[in-house]
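For the protein sequence lines, the chains are A and B, in the order given. If you're matching positions, the first sequence starts at 1 in this note's numbering and goes up one per residue. If you're matching positions, the second sequence starts at 113 in this note's numbering and goes up one per residue.
Derived by calculation from the structure, the hints in this document are not laboratory data. Ideal placement from N, C-alpha and C gives every residue a C-beta, glycine not left out.
Selected chain A positions facing chain B (in silico; Cβ < 7 Å): (1) Y32; (2) R43; (3) F100; (4) F102; (5) T104; (6) G105.
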Amino acid sequence: GENVEQHPSTLSVQEGDSAVIKCTYSDSASNYFPWYKQELGKRPQLIIDIRSNVGEKKDQRIAVTLNKTAKHFSLHITETQPEDSAVYFCAASDGIGNQFYFGTGTSLTVIP
Amino acid sequence: SQTIHQWPATLVQPVGSPLSLECTVEGTSNPNLYWYRQAAGRGLQLLFYSIGIGQISSEVPQNLSASRPQDRQFILSSKKLLLSDSGFYLCAWRGSGANVLTFGAGSRLTVL
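The following block holds chain A by itself, in its conformation from the complex (with noise of 0.2 Å):
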């Protein structure tokens, strides 16, 4: 099956700072690419998702890149604010979409 790695599992930054957050997978006929945030003791939530057909997509303060070749996606969040700071997933979804893997997760910390 597939497999996501996620890189760092730990993050500080300062307020105003970028964060990226990177992710690998192994299965090339996965297709879909979601991240999600995860406050504390909260469900995850989406905040942006990509699809193999597109190589950047960008909403507001959050970016996700997406490199097929190289099978990697990233997360970018610029001007970063003490609200940004939670556990952030990756994931990656096969072409039938009906199983989800989710890489280990990023804690960020925004300091203000």
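Start from chain A and add chain B according to the hints.
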């Protein structure tokens, strides 16, 4: 609009006792349904997924089982809980033909 309900929200169970977590989805039909487990400070582990009534796929052999007695109902069970079953259990759904995976609020299980 579609909503997902999951209960109970928290429970404390002794080792060897049975378990039943329930998840229902409203406002859609024939959803894909998923059970994930999140150990403390860890990532999201896919336990089971279902593409239809009575159709269950297991990702990890373990002490748990799942059932889908109705189209929008997904149940996670155990006959005898182990200490290692403690964790945060998340139900999720995906609409047929869609990619987005949406999580329920989660059930926090502590086995003592």
